[in-house]
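With the hints in hand, could you dock these two chains into one complex?
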Amino acid sequence: MRITKSAFYVPFICLLTCLLCVFADAAPAEFSGLVPESDYILQDGERVPIPALYKMEQAIINIDDATPTFLSPEDIFVSKSGEVYVADTGHNRVLRFNKNMDMTGSFYQAAGIKFKNPSGIFADENGDIYIADTDNERVVHIDRAGETKGILTQPKSSMYEKTLKFQPKKVAVDSLGYIYILNNTDFHGLITIDDRNNFKGYIAPTRLEYSFLDTFIRLFASEEQKEQISKRVPAYHSNFMISNTGMIYVTTLWSKKEQLKKITFSGDNVYPKRDLFGERHSNTKLYEGYPGFVDVAVDSYGVLTAIDSVSKKLYQYDTEGNLLGVFGGEGSWKGKFKSPVSIAIDQNRRIFVLDSTLNNIQIFKRTQFAEEVHNGIKLYQEGKYDQAFKPWTEALKIDANYPLAYLGIGKVLYKQGSYQEAMDYFKAINDKSSYSTAYQDYRLEFFRQYFGWIVLFITVMVSGSVILLTRMKKMADKYVLTAALNIGRLGIKGLGQTIVLYLFHPIDTFNLIKRDRKNINLFKVFLIFLALAAAILFNGLGTHFPLETQAPEDLNVWLELGKVFLPLLTFIFVNYALTSIMNGKQQLMECLLGILYCMIPYIIFSPMIVLISNILCISEADIFYFLWTIIWTWVIVMCFVEVYTMNEYSIKRTAGVIILTLIGMVFVWAVAVIFFVLITQMYSFIKDIIVEINLMT
Amino acid sequence: MKKIIGFITGFLLFVECLPLLSAAADTNIPNGFQEAAKNDSIALYYNESKANIAVQNLNDGKWWYSNYPDSSVYESAADTVKIRMESLLSLDYVDMGGNSSKVESASLQELPYDLSVQIIDNGFIYTITITKLNISLDIEFIIEGSSLKVRIPDKSFLENSDGLEKSRVALDDIKKNVNLLEKVLNNIRGSMNSASVGQAEYELFMLMFDACQQEIIKIRDNIKGEGVVFTAISNIRSNLEIVFTNLQDTNAYSNEREDIERYLNIISEKFTIVSNSATCLVSSIEILPYFGSTVEEEDGYAFYPDGPGAISYFSETYPDYIGYYDSSVYSEQEQNIDLVNQNKISGKKIAGMPVFGIRSMGSAFMAYIDKGDADAKISYYPKTQLQPLYSVYSTLIYRNFYITTTSNAQKLKALEKERISGDRVLVYSFLSGDNANYSGMAKTYRQHLLDTGMLKRNAEVKDPKMQLDLLMGIRKKSFLFNKFISMTSFAQAEDILAELKKRGVANPDVALLGWNETGIMRNPYSTKPSKKLGGINGIEKLTSAAQQKGFPLFLYINPVEAQKGVSGFSLANDVVRQKSSLVVSDSAQKTYWLDSQHIYDRLIAFLLPKNKWLHRTDGLYLDNIGSLIYTNYKKNRVVSRGDTIDIYNNMCKEINQDLGQVMIGGSNLYAAKYSTVLREVPTYDTGYFFTNETVPFIQMVYHGYVLYCDKPFNLFANPKVDKLRAIEYGSMPYYKLTYKSSSRLKGTLYNALFSSEVNQWYDDIQVTNNMYKEIFHGICNCTIEKHEKVADKVYQTKYSDGTAVYVNYRSTDFADGSINISPYSYFVSRKG
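Note that the protein sequences, when read in sequence, are chains Z and Y.
Residues 1 to 697 (my numbering) are what the first sequence spells out, left to right.
Residues 1 to 832 (my numbering) are what the second sequence spells out, left to right.
One chain only, chain Y, in its complex shape (with noise of 0.2 angstroms):
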């Protein structure tokens, strides 16, 4: 009967490939693959022995592969590197079984796994079953357009810790269904001793057998692999067959029944056994991470999102040392504020977008995370002796890991058992043409954000806005008490603003920094404007006033950080803790991190109810949080990383209903959505050695919908070439500044602000306002087109209305037909 039912299954999968075999005929087709889907723009293949993947781009005839196609370019490298360079996924785990603070690594053709394709529309699905370690997961690559969608439900996502609970909750089933059997089974026999069988107790028996049935399907499919327990599962399903069959013999049930007792404990104790044993808990999946990867090539370079955007070229062959880049998205993984110090310190930047592409003979691709990104990583291989290929990829991350202490004492290092839940998507656009660059990556990236409602236009702006901030006061340590050191008191402030009206600023954004009790750098942040500085009848004044300029006037807070020793938090409520229920903070433990809840209540419901003046303000400038999120684990639930973005979506959201607008510090993609300004937009990257190129590419998404600008110009070591990059970028200018001479700043935690006092700097700041004024006037709502080198050191930014910028970095003359260009300065052509 099983056979039967085997070759028959078997003959319709037959038939049902027959049209991909006849298909594989094709030339066209590299060997082994077959075509699933196609449309006009792309065509998706896959290989079943192999679990590859393969597009072509329609446009332009480029074939993508999910691992490079020519095996012998990489047969110099090491076995375990090889066989990663020819799997689909790699992924990293931790037996719970053995040692459970090791994590393994392992990529899919290195484990023995099962493999099935289902064929739907558009696509297909790779189910995959790791037998080892008992996981199962479904990849779905379904096209649209010019895109391919590469889905990882997480329902289909099973590893057998899931399966075993699911699968005790069927045996159970099994089991009462089985006594239920029992007495259906008496009653059909009371009935046959007085007639027949009644037909509704037949009915009923069929129903229960039914629903064993169900649960035994279900059992099957959640236990894959376990040989024995299949076993069981299969030996019930004959009994059970034997006693439907035989319905009319009286001693048949009870023979089978202890047949299925036996087999219903095997399971049983099966379930212990593995339950106890082995367990294997994905940590994280490297997706397609040799898609598109390549070996040297004259004009093909890796995009990846280091600070603005970077670029390595596909050149030349580095040392093994030379590193990679490897960056958490949003924000570093861990719960480390020490980390996210050491970071700023050394200048490391965190990739603010899901995005990473290739361009490759001409031709290529970006991929961005659609669904998953709060927990992902982004990285880039330069071809190395040990690494022979070039490749970018991401990491979805399914798992944290966190410090525990054993009853010894000793710290662990330990998985936590709890899945981020959620689909995982990542989408791959295929670009060709003028598009296959990094410019047309943003433009597709930004297309996608707009058709999504992720970016959109909170305020039009055509002419370039001077971005200020004043700082006000800051706290400094001195003997027993704080010393409040006012920097720019708000009558001053009002002096400043008609200096700078005076000198021809037009509606500057202004935000005003440390004006409360507080002072900057000291949170959770005070509601009530400092007494020292004027008061709230000062910072009234000064709200009016700004009004009556037409300055818009935005107050700044720290909502994330809470200091030891400042009021208004509590450390066993408000703050962020690890898995293991401790605190967060840094090593010094003095500051820690506020949750997110926390810092939106405090927002929404206290400062902005209780502060009748604030509403008077255009909006808040929320510094940190756009550059960082963190998982909380709360007593009652854990507030994840994508939780964390959902809050603060919320909170801007009703500050822009509540004030208008919202200014926000970090150039994190969730940021742009509720926000006017986006401070803190680095126009520099990391450095690492194999980035070619610095890319402006969140400045081509953002530029037009939101405006944005990285550091002071009053703070630059290189004023010609930063302001330059800045120009080159489209970032606002922008100035820090006080009243006073910044050498009060001293001793502070803001003495790195070593050049900030007001009057040193009018002059700068009416030259750069004229300067952006011709440059920028106009274009500030046009969205950049394109950006390119044009010659060495000499760059280009193309507007969508047609404007083109140049700037020239070299400490020579650059002439290039109609366009000449001074030593360190800039050219802008208008078009009409």
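Looking at chain Z on its own, in the form it has when it is part of the complex (with noise of 0.2 angstroms):
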């Protein structure tokens, strides 16, 4: 097992967590006054606000004089020459728009058939339109002038699963002309035909996830009960579209993960994995408040827009899955939705976002802000690193905070080779993964400037410290013989000479502390408490920046340092108090100063691994872990020898009594966490009765 710092830490989090939860009673975090009118992107899932991405600049309501207006629509599509069309779902209408929005077509029904509840839409380069006709059970393909080509119906296949409903809800072509449908709720994927109606099978099916509270449930549960958890169905595709470059977007409702995908032609989410795409609505408690992705939309710089029908706002991502930015929200007016359902962009990227409520379609334009977001990603992806730079600054200019700026920047200097440059901007936004591997470029080329001096500099170190160590052994042996013929006399004087002694004999270290009992200078316990906290903070601020568990000027002086004396005061006391009662030899001080020696490991060498920090990066973190638990082992080995030491007990017996030990500590929080409940609890009540007194009066 590797030991590292948090491990150690675990039962004293808890308690803290209990005891901050106490606090959280007492005192709720204060965070309600600003709420601002703005975008906002996450960062550590907080809202930042920042500058608008997109303003709304048409809102199409009524239609012309001659047709009514929408009602209840399910599906917009742009095709790519810019004409609109509308899955008019109420209406049992398929519309079409010009680039102007003024309608340029209107389709009812195909092969003699009228349209029943159409909800998906798609147009090719032609004019060729493909409607997917829910309740008729079919896909029509009609042409421009509304001629009917072909229609599709439940493929005849014996791999196509025949016991669902034929229901398809979205409808689109890609370029090889193989046409794919979402069937209502099926969780085997997307339906695949090619042009001459023959089923091709399923792609990107949806996957039941796995849930730890099924399978304990299940170890209980009756054979109906059972039952009931097998009838779990995956979650499902809500909506897909194809891109130009032929990847499947698909949005999946209420799903834990992989709420957004992009499927290459062989079935591949090839989309980053993200935790969580969206967020987690708190105000529902409908599928767990995951978000209700149903309509996804992506330009032509792979920048990709989706709809949350439970929260009415759009999220907007970049390729890499960075959140641009989140816009939209609930209300009646312009740039606010009711339901949106369906999204789409055009050539000049102006989102459509339809509404099901409000019955309308509304255009948005990009900011100048969101212009320039867009422009550094685009010429980031054309390799036009210089270019992309530009728009970059200009973002920042009107966001200094913008974390995506920084991350293009850094990556715009990181391909140009100003490693350190980029370092600093990936640093200011708490990347840590991009920082490494900008780091690890960095050191290559500063090994292969310096190779000479850096090949000098380990030999003189190296050889540096086998001389000293070997000298410091020497010492160490000559100091116990010494000790040993002055036994009751001089004992050892210097700090610094027993920390050589220590290092290398630790349990005549402890039998010196136990002979000179009566000297046992303060002033050197003091010390070492010095150093310690020396240690701890050196290691909180030193720690190389990829590797740092918070940053430097996020720490908390006193919860560091109370995170190592708390614990170890604790222990202090509790094993004295243990062994005192179970014939143990040692005295309170003796136990003080012995487990404070205890931990001389770790104010030696924790600098030393902060320092080599300091060269690392993450892929190499495994050398960082594995040297704290090196130090970490050392220090709890010097535990067990300082009990076995110093009260004379056996190894079986000193095995006892550290565990006690250890549950005695936890016994002492308890207490001490019941405690201050209780003190907070009185507060409040006294508090309480006298602000009832103050109304009465």
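Since the hints were derived computationally from the structure, they do not count as laboratory data.
Treat the hints loosely; a few may be bogus.
Said to hold, decoys possible - Here are the simulated DSS-like cross-link-like pairs (lysine-lysine), alpha carbons at most 30 angstroms apart as the crow flies: (1) K687(Z) to K477(Y); (2) K397(Z) to K483(Y); (3) K432(Z) to K476(Y); (4) K563(Z) to K476(Y); (5) K55(Z) to K532(Y); (6) K483(Y) to K687(Z); (7) K427(Z) to K532(Y); (8) K789(Y) to K365(Z).
Said to hold, decoys possible - Some chain Z residues well away from chain Y (every beta-carbon gap over 12 angstroms; in silico): (9) A59; (10) E445; (11) I623; (12) A655.
As the list claims (entries may be wrong) - Okay, the calculated bits of chain Y under chain Z, using three or more residues with CB under 8 angstroms as the criterion: (13) 344-351; (14) 715-729; (15) 736-743; (16) 777-783; (17) 793-800.
Even glycine gets a Cβ: it sits at the ideal position worked out from N, Cα and C.
Below, the structure written as structure tokens:
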């Protein structure tokens, strides 16, 4: 087992959490005040306002005098030529508009049968229209003029799962002429049919998510209950679109992972994996608040915009799955939605959003800020790194805190070979992996440049250490001898000497402490404490950025110190208390000094690890953790030796006492927490009474 | 006898109406209308049978009807809507006898009502008695110049609860008087036995009799429609008359006395029944909801105060789900902190001025609420299938709803019993010719405000003044204690001012935000300058440095809010309470609103006298004062929204006297009276789908009297467009700056300030400053006389000295005669 810093503090952190809960109860977080009217991004789960990305430019409410306006429309599609198609589901019709949003065509039937709840639409370059005629259980293919060119019904293939009704919801056609159909809630995936109506199979199935709770319930469930559970079906696709590059972008409803997918022709999801796309909603318990993505649109730069039907917001991501911003929201005015159901992007990168409650189309235009951001992304993708620099800098002028701009500039600098500058930009947005990558190259460059010096430095260091260690070993051996010769008289005076002795002969050192129990120097104890504190702080401040757990500026000194000192002091106290009733031979001061000596490996070697960490990057984190494991193992073994030596216990007994000490520590903390809770409760009780009396009078 | 009196009254009325009847014969006057008053500008007519009114603008001949004259256009509408469209007013009420948490809505024509007309000087009074609801009220219509004043006197507005109380007193008086009468009668009888009736006794009796008569009339007036009571009272009256006529008959009184006693008992009983059963309380009155309402037309629009002002053309019929505009005046009517926050998030704007208007057929009217504006709403309905007329009107609120908890812990909506008192006055001003548009409306309103002293020039400013906020410090929540994050220390602020001076920024208004121990966003504000920023010495040095440069310095405080856990206020005494006496807080129970009297006291009695150094600054910047008012149901008395405005005004007045200037956050009308600068005066409206244009109405009213600005320029997402909008609207340039990087604000409540580091903005400030100097040189004290759309995406703002500022939002050049504007740019044409 790897004992890292965090592992050691598990029990302590648990208790601290309890403590924090109590605190939180006493004084809840005060985040409520400024609620800005703006778009935002998410950083460490916090919503950070950004300048607006889009501005509503035009709303299509009325169509023309002769045509009744939309009624619960379900799908919108913008063709490559800029024509806009709407599946006006409630009116059982399909409408076509030109670029200026004047209606140029309306279609009501195909092959003599009127459309029934048509809810998906697609059009190709020729103006051929494919309609998912949901309640007629067919997909129809009509030409520009409305002449029927083909009808696709339920596939006849044996591979097709026939138990599910064929109710096509959405449809799209790729450049090879393959037709993709989303069939209602079918979790097998998208139905693929070739242009001759042959079933080609499913693509991109959704998988049932593993649930620990279910497995747990299954252990104890009755047969009927098990059957209930087995009826659980995977989250299903809600929509999809095919990009110019032939990628299929799919949205999944209420899914716990892979809410947004980018699927290749072979069915693999190549979109970067993130813990969560969108946000968990706290205002609904439905599907545990997972996002309800219902449609997605991707522009030619690969910038993806998806609709969350719960928050009625639009989430925009770049090709790497970085959130560019969130906009929209609920309301019945411009730029807000009631039921956004479908989204499309035209060649001018305007976003069209169809709302099935407001029965309108809102067309959004990018703001100057969004234009800069998108240009940055585009130029970077095209490899024009020099040019990409400008839009990102412009974006930073508008929002000095916009992390994507930092990332963008960092990446440009990295590509240009300015690793050190790139690292600064990555560090500013706390992007450890990008920083690491840049650092690796920087380090390589540095090594190349100063190879001779570095080899020299390493040689000097290694030989120096070897010499130092041998000398110290000799010294230590000499001290042991001196100490043995001067029993009861001299002891060892200097702290330095003691430490050298301790490193090589710990048992002798503990014995010396016992022997010298009358002469324990409190100043020495204080010095060790001070050194320990210094080591802890150095550890917090000096660790290399990619490996640090917390940014130095966010470091809470007292918390960091407390994390080491509190368990240490409790251990000393409990251990002393236990040994004194279990025939132990140690006294309190000896125990204190003894355990403090146990921390000496930490004091001496952790700064070294911290120094070493500064040449490591994330991929070498294992080395870093391994070194820490060594230190902590050393410290723990020393503690064992301390208890064993100081109390003159047997090994078995030592182990028992140490286990009891650990239990005792937990007990002490529990009592402290309970005590604290009681005091706070009493405080708030009295406070409430006073308030109430005030109210009465 | 009664018949004769009735006949005479009828005859008199007839004679009185004769001239009017003859006027009605005039062919110009629409059917059913009679002239009530006329002056050089307008003529006022009434229609008794339909309870309608009409106004003719004599300048252009345009007729304005309270209800659309041609009922055929709304034939297809639902019956209730049709009746509403024919009514002078509609009201919301609660039947306390029935389901007291259900709000009923009814329009006048739906309810049985009595109407009487009384002609007065320059107008007439409608006395409307709605028998079903036991409500009666007077509506006065008076013309003054080209305006129609509509007034509902508070005294005349009687609901049976009021009436009952008054009648009960009157009844007691009658009972007393009847007893006295008996004594007097005995005296008379005594004197009759001895000799003849003494003159003195007789006079006394007459006096008592008169008193009784008067009380009876009072009761009759108060309890209109209560048949039993009415008969009983008439009977008492006749009984007394009998006693009076048979004064000499010794038995007469004792006979009648029994009867009177009986009738008095009947009335008492009736009172008990009435007060225990149905009692209707009015919550609000929609007054003249269809005044000037119309169908589609070419060049007409409705104006409503959404954001800076918005207009909706009468050009298309919208689908029913399009919604409507509906906004409380000044601040949400509900005591709801979450709602206020929600509005900030969603961008919903609240009306800052109690105004609305219509332009129709080349003529226009603008209306404003002159009295009772603190408790009112403005609504605009676009034409839809369900609602086939465009209409804009105001709703007068008389009672608020509140949430009460029943004994079984259910939450119920209830209506407060006490009515919000005070007369309600609406003024409709009729405009014609060049003034018949929103610019004319703004000019009219501005003139009214100037005449009544609601708007005045508190500082003489000719050239534009840069508005600067310096964010000094904020507290960030961290483990165990709140860390004070310094963004700009007092010394750094001095450097900033020096640099600005060097760059040619002359006399900007500088406000210090978060200068105190609490930092910004934590309230009640501390009165001590933060030690981390440099303490009292630091701020004193900064003040004198600013003074040397001639930069006015303002200290920001947010006096309205209080957060849990911050000391300086008492939850028991100082915070706003609901009607149910619960404390008003947000749903997280962290934020409260402070009682306005407490706000006043803290500022005037505590902050000002205790901080001598403060008197060397130029003024205070009071946030939220101009955008938030509320009712506080205090234990002993209610502080109404109107009272809150008065308290705010007094406070500003005193600060003005003490320090010299006040800067206010918010655009509400009352804030302009004592301030020199208003921050957050919106330049964008909410954006309803039926809104066709945003218009700078508020700006047209304020410009030349108060400086104003909207959002900080350094937070624009669309700098090109947004700056142009500020120029178009005459908004001052405004920057919110910090010395240190705004990334330090991450994780604080002020993280919306995403780009504020002053070093990044010096150049932009300089450019903007020069641009503003060029455009606004010499016109900051001029009024905006006209604002209009010259072409698509090109607008013109014309100032009183003849200067015209053109802005072009197009991505292409715009050329028209001598005017040539490049894309996203402006053009200034000066006269002389």
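Hint-by-hint comparison with the structure:
no., hint, in the structure
1, K687(Z) to K477(Y), "holds, 23 angstroms"
2, K397(Z) to K483(Y), "holds, 28 angstroms"
3, K432(Z) to K476(Y), "holds, 25 angstroms"
4, K563(Z) to K476(Y), "holds, 22 angstroms"
5, K55(Z) to K532(Y), "violated, 41 angstroms"
6, K483(Y) to K687(Z), "holds, 26 angstroms"
7, K427(Z) to K532(Y), "holds, 28 angstroms"
8, K789(Y) to K365(Z), "holds, 22 angstroms"
9, A59, "violated, 5 angstroms"
10, E445, "holds, 29 angstroms"
11, I623, "holds, 31 angstroms"
12, A655, "holds, 36 angstroms"
13, 344-351, "holds (count 5)"
14, 715-729, "holds (count 7)"
15, 736-743, "holds (count 3)"
16, 777-783, "violated (count 0)"
17, 793-800, "violated (count 0)"
Of the numbered hints given earlier, the model fails hints 5, 9, 16, 17; all others are met.
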